[in-house]
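With chain A fixed as given, assemble chain B onto it according to the hints.
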Amino acid sequence: MKKIINDPNLVVQDMLAGMVAAFPNDLKVVPNTTVVARKDAPVSNKVGLVSGGGSGHEPAHAGYVGQGMLDAAVAGEVFTSPTPDQVYEAIKAVDGGAGVFLVIKNYTGDVMNFEMAAEMAAAEGINVEQVVVNDDVAVEDSSFTTGRRGIAGTVFVHKIAGAKAEAGGSLEEVKAVAEKVVANVRSMGMALSPCTVPAAGEPSFVLADNEMEVGMGIHGEPGIARKEIATADEIAQELTQKVLDDIEFNSGDEVAVMVNGLGSTPEMELFIVNKKVHAMLADRGIKVYKTFVGEYMTSLEMAGCSVSLLKLDEELKELLDAESKAPAFRS
Amino acid sequence: MELQVQHALNWIEKTNEKIQTNKDYLSALDRAIGDGDHGLNMARGFQEAVGKTTSSSYTSVSDIFKDVAMTLMSKVGGASGPLYGTAFLKMSMAVKGEDSVSHERFTKGVEEAINGIIQRGKAKEGDKTLLDVWTPVLRMLQEQSDFEADSLENTAKSAMESTKDVMAIKGRAAYLKERSIGHLDPGSVSSYYLFASLAEVLKEGE
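Chains as they are written, first to last, in the UniProt record's numbering: chain A, 1 to 331; chain B, 1 to 206.
Don't read these hints as lab results, they were simulated from the structure.
What you are looking at is a predicted structure, and each value in this text was computed from that prediction instead of being measured.
Glycine included, each C-beta is placed from N, C-alpha and C at the ideal position.
Treat the hints loosely; a few may be bogus.
Said to hold, decoys possible - Taking beta-carbon pairs under 7 Å as the criterion, some of the chain A residues facing chain B (in silico):
no.	residue
1	G76
2	F79
3	T146
4	S204
5	E221
Claimed, not checked - Computed list of lysine-lysine pairs in DSSO-like fashion (alpha-carbon distance at most 30 Å, straight line):
no.	chain 1	residue 1	chain 2	residue 2
6	A	K3	B	K23
7	B	K177	B	K157
8	A	K180	A	K242
9	B	K23	B	K177
10	B	K52	A	K175
11	A	K180	A	K325
12	A	K175	A	K317
13	B	K177	B	K203
14	B	K124	B	K108
15	A	K92	B	K124
16	A	K28	A	K325
17	A	K242	A	K276
18	B	K157	B	K52
19	A	K227	A	K276
20	A	K242	B	K122
21	A	K227	B	K122
22	B	K124	B	K14
23	B	K122	A	K180
24	B	K23	A	K2
25	B	K122	A	K92
26	B	K96	B	K52
27	B	K52	A	K92
28	B	K108	B	K14
29	A	K242	B	K177
30	A	K227	B	K177
31	B	K177	A	K180
Extracted from the complex, chain A is given alone in its bound form:
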């Protein structure tokens, strides 16, 4: 393992301290926690937005804390859901009296820890609602199983629900628009090389030089198919087609595109993928309203990418365009 770290057991604390040092006017760490909050939290009479999850997905989630997006992000250990007491601290830190909204990625641990925290907050009289993001089409959607994972599409939920809350939306309105985003966003990823959790010291899986893993999650969990490496066009084709097949996209629809790098894939390659994604959408008469290419939801130093499409209506377009001062998502 070759990493620029001090102590594998201190990577989260060290990172958060460095992050807040970089944005001293915008962010703060809630004392004695791994919660990063807006400097001015709690904002009174605004719905507070809390998200979070395991670390290792930077800039998610603390990079999305800021005016117009999240009020707080809870950082767990690397790839490990934060604990209920930490989520509860985040809820308390952002409760401005209008309720708190939780954006949870659909992983067993995240859902359990956030729900326990919500129960603790409810017992204290804080009004809490939540949405569970499950945009990864690589995984079968079934109510009998764990269901789909939440990946890069989650960033759209942060942005749009955050804008709604910033505009004065009620807890019910924030929840409604978050659910609308979840219903209209789909993603799929692939990986070329694994990543190493600092405290584990070993790669999460092994891929041969000529192999790729399609359907890879963002925690190094194996994907759904391992095959020989293909061209960017073929990869973009496979990911995008699976996304397009999942919900109804019609000619004339408007979408937001996100081509997300997993940590060590250069922007050059992401743009090459984006070229094909745009071509495929143009072929189908689907209009691209906005494109995001870069690292939004990474998996440490994994190489690979994901493609997300969000189907937009007027409300979603307006909220997507609204101002955000979050360090990793300025608009």
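Same frame as chain A, but now just chain B:
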């Protein structure tokens, strides 16, 4: 026999020893079908739990279980923290009010723990989760009228080993569907360490 305060303390210490010894093994099992953090998380949580129980003084088993529960919930993270934390919290509540714990009370505690795990994790026996060890252990306890260390160890061990042939329905391994077959469930292995440690404590206490 009945479980006394010292037995419960030894149980947690022995469990911690097994988890520390097998930390890398548990993480390797989790890397195969999950995200590879089970050993790290359990090791961190049980180390803290032992730190808590060895620095406190207790007059009831219930209080020990409660401290273990709260420590696991706040230190483990992932899915294991809420699940093991809930299990110990429910056991704590079930054995509350007694200085030592009879076989009957302990059995009730395990039953309540399982109900808590089911409520929190929405899984059932056969989904390739830690319930695949806890539930057979409960059935064995219900069939007996006193603690039997050997059958506890054997039941937990064979239940743990049988998760290898099962396809995961819940937890992160469920994403792999049939590719999860052929691998042990890491949560069932850590649960086996828990019950195997209890069996050792029972043997020493006889």
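A quick look at each hint next to the structure:
{"no.": "1", "hint": "G76", "verdict": "holds (5 Å)"}
{"no.": "2", "hint": "F79", "verdict": "holds (5 Å)"}
{"no.": "3", "hint": "T146", "verdict": "holds (5 Å)"}
{"no.": "4", "hint": "S204", "verdict": "holds (5 Å)"}
{"no.": "5", "hint": "E221", "verdict": "holds (5 Å)"}
{"no.": "6", "hint": "A:K3 x B:K23", "verdict": "holds (22 Å)"}
{"no.": "7", "hint": "B:K177 x B:K157", "verdict": "holds (24 Å)"}
{"no.": "8", "hint": "A:K180 x A:K242", "verdict": "holds (20 Å)"}
{"no.": "9", "hint": "B:K23 x B:K177", "verdict": "holds (25 Å)"}
{"no.": "10", "hint": "B:K52 x A:K175", "verdict": "violated (40 Å)"}
{"no.": "11", "hint": "A:K180 x A:K325", "verdict": "holds (23 Å)"}
{"no.": "12", "hint": "A:K175 x A:K317", "verdict": "holds (17 Å)"}
{"no.": "13", "hint": "B:K177 x B:K203", "verdict": "violated (40 Å)"}
{"no.": "14", "hint": "B:K124 x B:K108", "verdict": "holds (18 Å)"}
{"no.": "15", "hint": "A:K92 x B:K124", "verdict": "violated (34 Å)"}
{"no.": "16", "hint": "A:K28 x A:K325", "verdict": "holds (14 Å)"}
{"no.": "17", "hint": "A:K242 x A:K276", "verdict": "holds (14 Å)"}
{"no.": "18", "hint": "B:K157 x B:K52", "verdict": "holds (28 Å)"}
{"no.": "19", "hint": "A:K227 x A:K276", "verdict": "holds (20 Å)"}
{"no.": "20", "hint": "A:K242 x B:K122", "verdict": "holds (29 Å)"}
{"no.": "21", "hint": "A:K227 x B:K122", "verdict": "violated (34 Å)"}
{"no.": "22", "hint": "B:K124 x B:K14", "verdict": "holds (28 Å)"}
{"no.": "23", "hint": "B:K122 x A:K180", "verdict": "holds (25 Å)"}
{"no.": "24", "hint": "B:K23 x A:K2", "verdict": "holds (22 Å)"}
{"no.": "25", "hint": "B:K122 x A:K92", "verdict": "holds (27 Å)"}
{"no.": "26", "hint": "B:K96 x B:K52", "verdict": "holds (19 Å)"}
{"no.": "27", "hint": "B:K52 x A:K92", "verdict": "holds (26 Å)"}
{"no.": "28", "hint": "B:K108 x B:K14", "verdict": "holds (23 Å)"}
{"no.": "29", "hint": "A:K242 x B:K177", "verdict": "holds (19 Å)"}
{"no.": "30", "hint": "A:K227 x B:K177", "verdict": "holds (18 Å)"}
{"no.": "31", "hint": "B:K177 x A:K180", "verdict": "holds (29 Å)"}
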